[in-house]
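Undergrad: In case you want the letters, here they are:
Number of protein chains: 2
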Amino acid sequence: MTDIPLLKSRLPGLRIEDHPTLVRQKSRDFFWYSPVLKRQLDHLTADCVIFVRTIEDVVEALAACYALGVPVTPRGAGTGNYGQAMPLAGGAILDLSGMDKVLSIAPGRIVAEAGAVIADIDRRCQAQSGQELRLHPSTAKTATIGGFVAGGSGGVGSISWGGLRDFGNIIRLKVVTMEAEPRLLDLQGEDLHKVSHAYGTNGIIVECEMPLAPAYDWIDVIVGFDTLGAAAAFANNLGEADGILKKQLAVVAAPAAHDCFNRHRRWLPRDKHVACAMVAPQGYDAFLTLARRDKGAQLLFSSHDLPAPERKGLPEIYELGWNHTTLRALKVDPAITYLQTLYPFPNQLALVDKLHALFGDEVVAHLEFVRFDGRITCFGLPLVRFTTEARLDEIVRIHEEAGVPVFNPHRYTLEEGGMKQTDAAQLAFKREADPKGLLNPGKMIAWDDPGYDYASGRTYLFKGMQQAAE
Amino acid sequence: MTDIPLLKSRLPGLRIEDHPTLVRQKSRDFFWYSPVLKRQLDHLTADCVIFVRTIEDVVEALAACYALGVPVTPRGAGTGNYGQAMPLAGGAILDLSGMDKVLSIAPGRIVAEAGAVIADIDRRCQAQSGQELRLHPSTAKTATIGGFVAGGSGGVGSISWGGLRDFGNIIRLKVVTMEAEPRLLDLQGEDLHKVSHAYGTNGIIVECEMPLAPAYDWIDVIVGFDTLGAAAAFANNLGEADGILKKQLAVVAAPAAHDCFNRHRRWLPRDKHVACAMVAPQGYDAFLTLARRDKGAQLLFSSHDLPAPERKGLPEIYELGWNHTTLRALKVDPAITYLQTLYPFPNQLALVDKLHALFGDEVVAHLEFVRFDGRITCFGLPLVRFTTEARLDEIVRIHEEAGVPVFNPHRYTLEEGGMKQTDAAQLAFKREADPKGLLNPGKMIAWDDPGYDYASGRTYLFKGMQQAAE
Chain W
-8 MTDIPLLKSR
2 LPGLRIEDHP
12 TLVRQKSRDF
22 FWYSPVLKRQ
32 LDHLTADCVI
42 FVRTIEDVVE
52 ALAACYALGV
62 PVTPRGAGTG
72 NYGQAMPLAG
82 GAILDLSGMD
92 KVLSIAPGRI
102 VAEAGAVIAD
112 IDRRCQAQSG
122 QELRLHPSTA
132 KTATIGGFVA
142 GGSGGVGSIS
152 WGGLRDFGNI
162 IRLKVVTMEA
172 EPRLLDLQGE
182 DLHKVSHAYG
192 TNGIIVECEM
202 PLAPAYDWID
212 VIVGFDTLGA
222 AAAFANNLGE
232 ADGILKKQLA
242 VVAAPAAHDC
252 FNRHRRWLPR
262 DKHVACAMVA
272 PQGYDAFLTL
282 ARRDKGAQLL
292 FSSHDLPAPE
302 RKGLPEIYEL
312 GWNHTTLRAL
322 KVDPAITYLQ
332 TLYPFPNQLA
342 LVDKLHALFG
352 DEVVAHLEFV
362 RFDGRITCFG
372 LPLVRFTTEA
382 RLDEIVRIHE
392 EAGVPVFNPH
402 RYTLEEGGMK
412 QTDAAQLAFK
422 READPKGLLN
432 PGKMIAWDDP
442 GYDYASGRTY
452 LFKGMQQAAE
Chain R
-8 MTDIPLLKSR
2 LPGLRIEDHP
12 TLVRQKSRDF
22 FWYSPVLKRQ
32 LDHLTADCVI
42 FVRTIEDVVE
52 ALAACYALGV
62 PVTPRGAGTG
72 NYGQAMPLAG
82 GAILDLSGMD
92 KVLSIAPGRI
102 VAEAGAVIAD
112 IDRRCQAQSG
122 QELRLHPSTA
132 KTATIGGFVA
142 GGSGGVGSIS
152 WGGLRDFGNI
162 IRLKVVTMEA
172 EPRLLDLQGE
182 DLHKVSHAYG
192 TNGIIVECEM
202 PLAPAYDWID
212 VIVGFDTLGA
222 AAAFANNLGE
232 ADGILKKQLA
242 VVAAPAAHDC
252 FNRHRRWLPR
262 DKHVACAMVA
272 PQGYDAFLTL
282 ARRDKGAQLL
292 FSSHDLPAPE
302 RKGLPEIYEL
312 GWNHTTLRAL
322 KVDPAITYLQ
332 TLYPFPNQLA
342 LVDKLHALFG
352 DEVVAHLEFV
362 RFDGRITCFG
372 LPLVRFTTEA
382 RLDEIVRIHE
392 EAGVPVFNPH
402 RYTLEEGGMK
412 QTDAAQLAFK
422 READPKGLLN
432 PGKMIAWDDP
442 GYDYASGRTY
452 LFKGMQQAAE
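Heads up: the protein sequence lines correspond to chains W and R, in order. Count the first sequence with our numbering and you get residues -8 to 461, in order. Count the second sequence with our numbering and you get residues -8 to 461, in order.
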């Protein structure tokens, strides 16, 4: 149990809260999307919350916690789904949301503090320079850029730019280590892998330099199809249409689109499988041409044709995608949960059909098309009717046996989640940056279990540092 | 033979020149890159040149030529290599270079007259809005946008955006038909195929609306390798790196880079196969990281590290690519000619190696990496040591038998060039737009030979209109 009076006395300049209601509120992220994580993590709470506003605050806070042996779990807005911000060992939540300044905007790049909210960054960039971030999660309106880099993998924009794991999608990070005298590291290139998608286990991200893309008045469209296969094939075609700039491209199987997208429901017949996309206005005519070529396609919704008053109150299309699809399904049916899967190129369409046939209503297809290693393919974020944990594990196994790797959102460790591969290089860096193992403890198996075999053959989105460099 | 006094009397407001030197100069494009076309077309000349400055001028000129039965061959800057601007049947050259106005610039799009020079468009867009054209030929400094649309296929920018055949890379075209009363057509969507890459056989393009991309201070880099295979693999990797924005990405085999790129020669060891790229500054660190990962890669040249005085006089990297590579080789050795080939995904690297081994020094590899149907692959524009036309045809056949389609730049018809597939729909449009067959006569086999089988199985870059729509 953290000695809070002592901690406060060491950090007289910082706001530290220990009111249980507030601490519990700040000790929760969106882990509850998973019934498994909900069972495992729901009771957890930190002992206090430290609010920081500057890099110096972070350095001070980490030095004091290091001296006192207080575990530190960093937190942005707490919108992660894999439990990245859940404090497994009590201690302090380090709330970075006060570090929210945009520091500079230039052609193609922005520097912002880690706690800056993504939508705020985009508003600033759009107003000042007609630019916006390449990538953001569907939670852009609340999520912070630092939290995204620390635990996101991609999202809106990935159809054009790939994911955060791809070099070039993060330019530079400033990171504070947790040592007797915390150091401020400036990481670029290969070193970005030390902290990207590491849940803050290897240092606290305090500043992010990110690439920008041009901001357009993206047009939201929904196209309907009689079969899931037809919707997926259309989305794949649209994805592969190199001349049509897209920001988002998803497919949701019937009847989930109608049932879950309540504000758009009047446009969505219940039996239609839909492709939802954001298209740059200069490519809208080309998009319509492609849609007309597809005999099975029916344009159900287009923000281009909608009078402004009717657009009011409608969520943007990206807020029907990624984990917002899951969220909307959960609101309709609390028994719904989800998976995160990868349909490997070039068999993505056949595999989508195969799994759809295999599971029927138990696993409702939700596909997110992306650029992946230079090709178009799709992730799955299927809506799963949850019965038991054993059945959920079985559904995971059936996917993997079919050749569809699962990044299991019902596991809170980096390795079991499947996003981040740890290795000796990663571990060596953690020994330097967090020698006492106080940063977000319990999230990296390789740290806690010296016998852990990180050389396993499974698919990781963020490859181990050594493997990546070889 | 054109009755020039009569034509002049019908077009009192237009400048019409018939001085043989001027007419011959305006009757030539870059057809002479091909020894075959040089033999076939070198003697050709039109009878006169009509200079136009407005759409009304074009309408008047076409009406008069229609009435008098004068063939009309449109011309921008005459930088095409397939003989697109060569007048096969005398008549008039319609010089559109006076129609050079930029009409409007908006986020993501520009409208320009057909005769506007591409580099001028880019300068205007860059200055006014930080934007530039997505695609341009290596001849951007002289080529016109209309000529590019009428006979180009892609080029600089294709590594990010694909080609002109891809929907979205041309937004809208205004075209004047050649009838008793010429019509001004506004073509979008499916209809763009009527005139894109049709050499002006289906109407005269007078205005182009094109998509724009953000303009960056692109960094020119050249990376050296000991083997062609290593250079091609690196370029393919860089192409597939979704987070690294590129504008140009080519590979040139040793010793051609050293021998032909004279201004860059001091950086280029003769035995190095090179990858030449333009990288966005926000991706430069990521590019360096990728290059460092490749044990065989050696950064030979980077404009990033070059003091401004040393950059003076150096051509931009894109002027070492596409047909500028051919041009530079031709200057060194007039016996060089070239081919244009496609290495189909996913076997591009194996096929590059195979053909390199097959031909040795007779066919020196020059690869241009592009996005093609949503994947990264490469075109070949190999430097061919020309001996006889029979051997050239044999080299073409060997490529095609190996699974590498050739868009034969030693043929001046649309069909034999292999870029443009004609079909009944295309032909029906030509019947409407050019009922007398006076537009660029002799370039469309399907028009001249009613028995022509346009359903052949060969690979066309611009698919027939019917096939595309099916």
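Hints in this document: simulated from the structure, not taken from any laboratory. Don't take every hint at face value.
Since the list gives no way to pick out one identical chain from another, each pair is judged satisfied if it fits inside one copy or across any two copies.
[What the hints assert, rightly or not] Straight-line distance between alpha carbons at most 20 Å, and here's what the computed DMTMM-like set of lysine to aspartate or glutamate pairs gives:
#, residue 1, residue 2
1, Lys132, Asp91
2, Lys454, Glu231
3, Lys345, Glu200
4, Lys29, Asp276
Undergrad: State for each hint whether it applies.
TA: Verification of the supplied hints:
1. In this homomeric assembly, Lys132 and Asp91 come within 20 Å of each other (Cα to Cα) only inside a single copy, at 13 Å, whereas the closest approach across copies is 45 Å.
2. Taking the shortest alpha-carbon separations for Lys454 and Glu231, only the inter-copy value of 16 Å comes in at or below 20 Å, while the best intra-copy value is 26 Å.
3. In this assembly of identical chains, the alpha carbons of Lys345 and Glu200 never lie at most 20 Å apart, being 41 Å within a copy and 43 Å across copies at closest.
4. For the homomeric pair Lys29 and Asp276, neither the shortest alpha-carbon distance inside one copy (46 Å) nor that between copies (41 Å) is at most 20 Å.
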